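Peer 1: Given chain A, work out where chain B should sit, using these hints.
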Amino acid sequence: MNSQDRLIVSPAPHVHDKTTVKNVMWNVVLALVPALLFATYYWGVRALLLSLTGAVAAVVCEALIQKLRKVPVTVHDGSAFLTGLLLAFNIHAGAPIWLPIVGAFFAIGVGKQVFGGLGNNPVNPALLGRAFLLASWPTQMTAGWVAAKDSAMSGINNLSRIATNLEQLSPKAYELVTSATPLKVAQTLRDSSFVADINAQAGGIDLGGRIFGSLTEMETLKSLFWGNIGGCIGEVSAFALLLGAAYLLYKNIIEWRIPLYYIGTVFVLTFIFGGIPGSGTSVMLPFFHIFSGGLMLGAFFMATDYTTTPITKRGRIIFGIGCGLLTVMIRFVGGYPEGVSYSILFMNVMTPLIDMMTLPKAFGKVKK
Amino acid sequence: MQLKTFPGGIHPHDEKHYSKAAAISKFPTPNRVIIHLSQHIGAPSTPIVAVGDTVLKGQPIAEPSGFVSLTQHASISGKVSKIAKFMHPNGAMSMAIEITSDGLEQMVELSNDENFMELDAEILKERIAAAGICGMGGAGFPTHVKLSPPADKPIDVVVLNGVECEPYLTSDHRLMLERAEDILHGLKLIMKVVGAKKGMIGIEANKPDAILLMEKLCAKEKNLEVVALKMQYPQGAEKQLIFAATGRKVPAGGLPMAIGVVVQNVGTSVAIYEAARYRKPLIDRVISITGSIVKSPQNFLAPIGTLYSELVEASGGTTAAIGKAISGGPMMGFALPSLDAAMTKGSSGLVLFNQKEARSMAEHTCLRCARCVDICPMNLMPSIIANAVKYNDLDMAVKTGLNDCIKCGSCAFVCPAQIRLVQWIDTGKLRYAEAQRKK
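Residue numbers (our numbering), protein chains in the order written: chain A, 1 to 368; chain B, 1 to 439.
Extracted from the complex, chain A is given alone in its bound form (with noise of 0.2 Å):
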């Protein structure tokens, strides 16, 4: 050895992985393409401009507040760009250019940076900047919504399957299955007096069991798998949102725990509580309730968050299922048709308990 030579003194192990924190998020955001592609196939180009909008917007924010805070500006490693995308998928195609600029903002400002940055805030950042955006400018947030390219937003394309005679479709059962998210139709139709009503208008048939029928046909199911419908950004294809989770199980990115669980639960309880009054329900509802709305979205990407959610295994179990029994409460109870983000932020802040709760017994430890 040349004496000259300088060793490097450090702790072991002196191998790592070579995963690091930047890999973690960019891969994250890979993972989103396949939506963002899809979502801008179905919406238009304006999907993939209110999306790198919201990303952009937030990484800028985020470099702004590291500057005044006078600290390394870190956001090159991409977790900056992930929430502002992942605030961009929360709002609809439609919606003004402001509105993910403002929500971003708000996304890093006050869920994140407040806080101290990355790993240290308590909840989900992006789906706090769209809490913030629904009980700001709710018009904003749920009107105007673009429809999907060649279909219904409802995902009920079918309408003679609904009423052999179109003329028997009243103009509030029409406005029902042509306007509308397709948990928007579900939600509705838990109003028994509005089935009532529809029902009385279309001279006594089960125009409201029919409608409720169709969403879990072959048909719409199709729809929101692919993403023909109408939706937030980040609501549009199961398939497209799949792909993108399959990609971060594989990379041993996200861990199969809270979505199992959430989708799990989600998937039981539909099927056990899913159906409406006076028509009862359909096998197939369960999968209409996991394909639709922010649940794959929610499930694979916002749900497995790392910062906001549990890290003990059981944590992480009980974390999915309190998502899913939250989720299925206000979808089937509570005043909005979606409920996968109000769901996550409340288990967000139920998570440090959560973790002490489930602290897991070290190897060879007995039951005293």
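Do not take every clue at face value.
Ranges between beta-carbon positions, derived for each pair [to be verified]: (1) B:23 with A:17: 26 to 36 Å; (2) A:120 with B:247: 34 to 44 Å; (3) B:109 with A:366: 44 to 54 Å; (4) A:17 with B:79: 41 to 51 Å; (5) B:363 with A:135: 31 to 41 Å; (6) A:69 with B:363: 16 to 26 Å; (7) B:197 with A:366: 53 to 63 Å; (8) B:317 with A:76: 32 to 42 Å; (9) B:356 with A:64: 33 to 43 Å; (10) A:116 with B:26: 55 to 65 Å; (11) B:221 with A:357: 49 to 59 Å.
Please keep in mind that the hints were generated in silico from the structure rather than gathered at the bench.
This structure is a prediction, so every number in the text was calculated from the model and none was measured.
Just so you know, even glycine gets a beta-carbon here, dropped at the ideal spot from N, CA and C.
Peer 2: Below, chain B without anything else, positioned relative to chain A:
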């Protein structure tokens, strides 16, 4: 083949290709050796020679200073030239006896007991103690102590550790290929000493040749079993190996003897055989000199106390500047400040990294990604322990597993935030010990 393993763990690249084909070669007599007084767990040995004394190869030069201690022997013949502090393979400076070679290789007289298998257990234990044998897998617990379980803890299984799960290292692999019969002799001797009915050898699947050879030799032995293990780090850790091989769990805070098991490294097994049959003291061992920049990676049978610098030189030197010199494997080994350290009975390898391989990244805030929790072979909460230590909350650290940590380094290996989890946990262990002393 049904491969067994344990829950948790990681899969680092094994990097054994550098040295696994290099047959064990005898290292030429070094110019000097440095025999450390602390090569083992327990009290450092007490020198029984003085500077200027002439010693024979194999002559005792330090005696045990208590029950949990060890006899040390001269590994070459020559003159005691210094008794002072020298660099230990753990990087620290500690007391050692330096012997300068006379080049004569004069050895104490050995015997040859053909009937070594008939020897009484007590005599075997005496010979093992006299030979100064300690665990050669790394921890270095005095073997005669480990083989003296209390009467109320009967041992029924002896597990030989041929796992060698540390990346790069191949010394145990070569030993299993070249000294298989001696290893099995040693195993039978250990079984006899502790009165165990069953013997097992755990070998990972990346050493198929060793598995086949051992299986062939054990085919006719009813009470010996070769356990092929799925590759997974840290399978060579005692508790993990015992679980993989026998399905038994060592109680937290307890020893393997509590569940009737004793584990010994394959190298230790050979040393036990040699001590029983020839009364040969442990004065040499196989050590891998390996890494991408070692010109001709080796598995040397070298005298204890040989300087790492001499071992590297005998391996042809390096093809590039050394960035890091690791005594032991890269998962649990020590990074040395220089190659001036001398090998001990627990030195299984020296791994050299170039400057690029030696680079590590800066620590980031914990993301709470839970990778460390998912792979911890002891089912602990590494990130929480580290954080608790950082903020001096020892109660929380203990509650989340501080005292159960085996320091295998798996958590730090997978941490995307590059947090030095083992270092934090180590700090916590020290602080905890300090706090206990004050009580």
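Peer 1: Hints first: check each against the structure and report whether it holds.
Peer 2: Consistency of the hints with the structure:
Against the hinted window of 26 to 36 Å, the Cβ-Cβ separation of residue 23 (chain B) and residue 17 (chain A) comes to about 32 Å, which satisfies the hint. Separation of residue 120 (chain A) from residue 247 (chain B) is about 42 Å and conforms to the stated range, judged on CB atoms against 34 to 44 Å. For the pair residue 109 (chain B) and residue 366 (chain A), the beta carbons lie near 52 Å from each other, so the given range of 44 to 54 Å is met. Checked against the hint of 41 to 51 Å, the C-beta distance between residue 17 (chain A) and residue 79 (chain B) comes to roughly 49 Å, which is consistent with it.
As the Cβ distance of residue 363 (chain B) to residue 135 (chain A) is approximately 38 Å, the hint placing it in 31 to 41 Å holds. With their beta carbons about 19 Å apart, residue 69 (chain A) and residue 363 (chain B) fall inside the hinted range of 16 to 26 Å. At about 26 Å, the beta-carbon gap between residue 197 (chain B) and residue 366 (chain A) misses the expected band of 53 to 63 Å. Taking the beta carbon of each, residue 317 (chain B) and residue 76 (chain A) are about 40 Å apart, inside 32 to 42 Å as hinted.
About 36 Å separates the C-beta atoms of residue 356 (chain B) and residue 64 (chain A), a value consistent with the hinted range of 33 to 43 Å. Against the hinted window of 55 to 65 Å, the Cβ-Cβ separation of residue 116 (chain A) and residue 26 (chain B) comes to about 59 Å, which satisfies the hint. At roughly 50 Å, the beta-carbon separation of residue 221 (chain B) and residue 357 (chain A) lies within the given 49 to 59 Å, and the hint holds.
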